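**Q** Sequence:
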Amino acid sequence: RYGDKETDEERNEHLLENLQGVPDDERTGRFVCCASLYGEGKLLYQVTETVEGRILHAERGEGGFGYDPLFLPDGFEVTTAEMTPEQKHQISHRGKALRKVKEFLESLEPHE
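With this note's numbering applied, the sequence shown corresponds to residues 35 to 146, in that order.
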């Protein structure tokens, strides 16, 4: 995680302090999730997914956790903290990566 703060509130405050004076077009952010499956001592599948967006000047929304109140995903007018859990899961880096892991697992031949 960014910064060495303990709570979400402290990390968000730290981020906003470090972005003071940064123009809106340079306040970009990205969440990344890399999921790997290992079996029989080898890598079976690996996927990396991202969600891109902007970091706002102030928190908006009560949902989610971490940087969600500050993160405005590209193409949206609400922060991830203002989304329903279902909406967030559809666009989130974790949701996208784990859907691909599920697809991979479903593609495997069943073992007897």
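Calculated from the structure, these hints are not laboratory results. None of the values given here were measured: they were computed from a predicted structure. Worth double-checking, as some hints may not be accurate.
[Unchecked claim] Here are the computed lysine-lysine pairs in the DSBU-like style, where the Cα-Cα straight-line distance is at most 30 Å:
no., residue 1, residue 2
1, Lys39, Lys136
2, Lys39, Lys130
3, Lys134, Lys76
4, Lys39, Lys76
**Q** Each hint: holds or not?
**A** Verification of the hints:
The hinted pair formed by Lys39 and Lys136 fails the criterion: a straight-line CA distance of about 34 Å is larger than 30 Å. Simply put, Lys39 and Lys130 have alpha-carbon atoms about 28 Å apart, close enough for the 30 Å limit, and the pair holds. Taken as a hint, the Lys134 and Lys76 pair is honoured in the structure, with Cα atoms around 19 Å apart against an allowance of 30 Å. With a C-alpha separation of about 36 Å, the suggested pairing of Lys39 with Lys76 is violated against the 30 Å cut-off.
Hints 1 and 4 from the list above are not met by this structure, while the remaining hints are.
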